[in-house]
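Chains as they are written, first to last, in our numbering: chain L, 866 to 1134; chain D, 866 to 1134; chain H, 866 to 1134; chain Z, 866 to 1134.
Do not take every clue at face value.
Put simply, identical chains are the same to the list, so a pair is met inside one copy or across any two.
The calculated lysine to aspartate or glutamate pairs, modelled on EDC-like cross-linking and capped at a C-alpha distance of 20 Å, are [unchecked claim]:
#, residue 1, residue 2
1, Lys1015, Glu937
2, Lys1015, Glu931
3, Lys929, Glu887
4, Lys929, Glu893
5, Lys929, Glu1071
6, Lys929, Glu983
7, Lys1015, Glu983
8, Lys1015, Glu1003
9, Lys929, Glu945
10, Lys1015, Asp944
11, Lys1015, Glu945
Just so you know, the hints here were simulated from the structure itself, not pulled from any lab data.
Residues per chain are reported as follows:
Number of protein chains: 4
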Amino acid sequence: LAFAAWVRQNEGMCRFVAYRGEPIFLEELVARPQHSLLQQSLHAEHAKTVTNGDGFGIGWYGEKDEPAVYREVMPAWSDENLLALTATVRAGLFFAHVRAATGGGIARSNCHPFRMGEHLFMHNGQIGGFPWVRRALEGLLPDHLYAHRKGATDSELLFLLALSRIEEGLEPGDAVMWALGEARHEMRRHGITEPLRFAAALSNGEQLHVFRISSDDRPPSLYLQQDGRGVTVASEPLAGDEGSWNLIPAGAVLCIGPHGVEQRLEVLH
Amino acid sequence: LAFAAWVRQNEGMCRFVAYRGEPIFLEELVARPQHSLLQQSLHAEHAKTVTNGDGFGIGWYGEKDEPAVYREVMPAWSDENLLALTATVRAGLFFAHVRAATGGGIARSNCHPFRMGEHLFMHNGQIGGFPWVRRALEGLLPDHLYAHRKGATDSELLFLLALSRIEEGLEPGDAVMWALGEARHEMRRHGITEPLRFAAALSNGEQLHVFRISSDDRPPSLYLQQDGRGVTVASEPLAGDEGSWNLIPAGAVLCIGPHGVEQRLEVLH
Amino acid sequence: LAFAAWVRQNEGMCRFVAYRGEPIFLEELVARPQHSLLQQSLHAEHAKTVTNGDGFGIGWYGEKDEPAVYREVMPAWSDENLLALTATVRAGLFFAHVRAATGGGIARSNCHPFRMGEHLFMHNGQIGGFPWVRRALEGLLPDHLYAHRKGATDSELLFLLALSRIEEGLEPGDAVMWALGEARHEMRRHGITEPLRFAAALSNGEQLHVFRISSDDRPPSLYLQQDGRGVTVASEPLAGDEGSWNLIPAGAVLCIGPHGVEQRLEVLH
Amino acid sequence: LAFAAWVRQNEGMCRFVAYRGEPIFLEELVARPQHSLLQQSLHAEHAKTVTNGDGFGIGWYGEKDEPAVYREVMPAWSDENLLALTATVRAGLFFAHVRAATGGGIARSNCHPFRMGEHLFMHNGQIGGFPWVRRALEGLLPDHLYAHRKGATDSELLFLLALSRIEEGLEPGDAVMWALGEARHEMRRHGITEPLRFAAALSNGEQLHVFRISSDDRPPSLYLQQDGRGVTVASEPLAGDEGSWNLIPAGAVLCIGPHGVEQRLEVLH
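Whole structure, please, built from the sequences with the hints as guidance.
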């Protein structure tokens, strides 16, 4: 019963992969493993009933500061462009995301990863009761970021909120935690009892920040694998060899940089 | 075991609905029932592992002889146009289809239903070893239908083959059986042991022909429901009330016209 | 020179058609005339350099209070669904729109016509300096309409603003004029010197309101044709017979109902 | 008059760019020049009335033998993915193409460039009376290439025909000329008086073959620019500096390799 409830809670969730390490072809994580992100788009194991067919996206850092982004509203599994791109593009820092729409409509502007300047962001989870707090949270955006808002998702909004503090000099992990805190504040103010659940990745091209946190005790799943080549973070283990994957603890904020992985634990009230 | 095998055999199959009777809003069958075609596009019951997210289409007869067709490569469940259309369009004869690609690529020209003049056709199933017999079967098309071929699916080809005989005056049921016979002939000639499985609907705006037949003993599922309002044919029962749905027998060719349902049984060697 | 300047001013503008009268097939205005909306999507005469290929939409009132909407991000001229729909659907009140993006991104949620409940709205023109006044104008929306905002265009926002007053009982023409007045107020407050130009159609299923107004003396073109069958409003005359089309005067607010066309003139400061 | 006639003849034609030289970002030719391919997709100069909005594609050779391909049915000018990709991807051999559909329907499988193994091909022009000779020309394909045919265009067919001879060891230029000869043979056999016009690029990852040839005296335009960095071929000069662009002579077959450009002249009867 508990498991069925857990599954139900996870319905409508997305799946993602982030990588930082030696340059590899994107397909090595996105298309090739037994349980690759493409496979997960058809049937995710850890969220039994979910089909993630409402768009997808990849983002990667190449020779420029600004990352490239390819986003599409079609299901990932049927997109020949995605296969061709991931077979050819090699990068040392990249994101990939498949979407199960929980709101905001099917449009490229609602697909992850989101990009702004040199920043890349993707998200799995949800702000409980978002329609009721959206207005107050959008009110916190400075004018220039408000004008930049293109879609209607909570994900894009959390990204822009975090950016507003990063621009002021806040450390990225703290900036995201501030945005989540504001969201929780508004949720309480509106009497929303649904949880805020948040698994996410954020990068500036150098560091990769990863989050797994929730206002209840059920943050979306997120796993970490480390080997000589680099660090991979994924909503679900990508290969049959599940032993090498470690569940990231609830409340964790990871900073993955040139000197490895730093982890701290946060609490979201 | 037998069931698991059956399910595996049915992987990658499509789902469809056809209706003939008093005019009703398309949504009554496509979007509203508990287990509507839209629901089936996300998780089909009778083909447990299938997601039918590789395009969809609807076709209906309005005030003209030629039917209207709306086909899209996106998943049916995320298409707002489909919801709006089926909520507004009312017809006494219509088709709806969700596709799980088994070949031919993701393109509107490969989506069902196919239209040619006043004819409408949709299909669930597969010609075993199609890449090996495609050329010979395309060779049977008369020039003007060969020039009309837009996609690369076995479905469109079977439709055009049947039309070539309908144009010569053959009864539609016989024309389709001839096309299936030619396909089986070429399959045997090429030593193909995979089966030909065929559930389909064909209409000229007056009659609705329905087929459930296979070269082995496992044709795709197809159910019939009849009430005071009209006749509905569906890959799976559409509502919780499964008692009112009858499995169409293997080998059946149905002709649904103004005077009801006529059924005959055919054998496909 | 004056003409070239005028053309330049009109760059990036959309084209639309609205009809109220005896039921006709949509194709009679959308696809068939010598200079139909489909033709205009490829090369508009009155805005020489414009290609309107950034999406399109049609909306029509059928047997229900709520209108149907079909919107697509592809160019209208290449969409086979559009041809099939307009050849089959017959309506006594319908809208059609081809878009040249001026902002807001290419997404179905940014395509016209917009629908909310039984209301339909489409627009050609622009709020000058929209990024600077967007926030203040969105602030005027009541919560339930704020939550309903899906895209990022000025068009959708003006529609929702007008609806907020229509819900309070204001006459539709007055409600739209109020929204335009608020937009002008914010434009002045932000020192924006670009004009607000507005050609639009709004319907509740009974009446069709049409607007051609501007804060300068160059509102987007809009023509009216009246015959025994009904009233047609179009950005450009649809047929070679231009004599039967009358340019709607600048400042006009038209109310087209069962008893014909009422016109009043307004001023936008 | 002659010019107007020439323009009319060129209606419906595509535009493309091919590059071989030192690695550069694709945007340097596709998105940035004053008269870039993206600009040409909106209004081509040398084919005054054409909008090339029926899909586009890019293909490039990266670190693998097989090239990457990104093709989309939307207009190039509105595709954010295209801007992001061309800003990030750097290659020493690449193709870009914008399409004005002349037949075959709007589908990714009909968009250029076409890829097969390590070969890349794109085309501007048309086989006169193609529907009448299509069948005979498809009959020349060996089985494995026949099975590979996905679309319905003359372009894909000419590519597959040329490949059939390349696989047998024929030099690529000769292989293409053979395919054109066969097309002309069938055109004569069917009494077709429309011309065959052919501007195209073909590469195996090493050499770049370029063709500008016609059965009449009006092959589609094609220009060549050579500088210290590399060789660019384009349907129209890409920058204001038209002086550095040379019109490739009618009948030319160019082989652009590590040792420069070799040119020979052919005649197409």
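Enumerated hints in conflict with the structure, sorted upward: none
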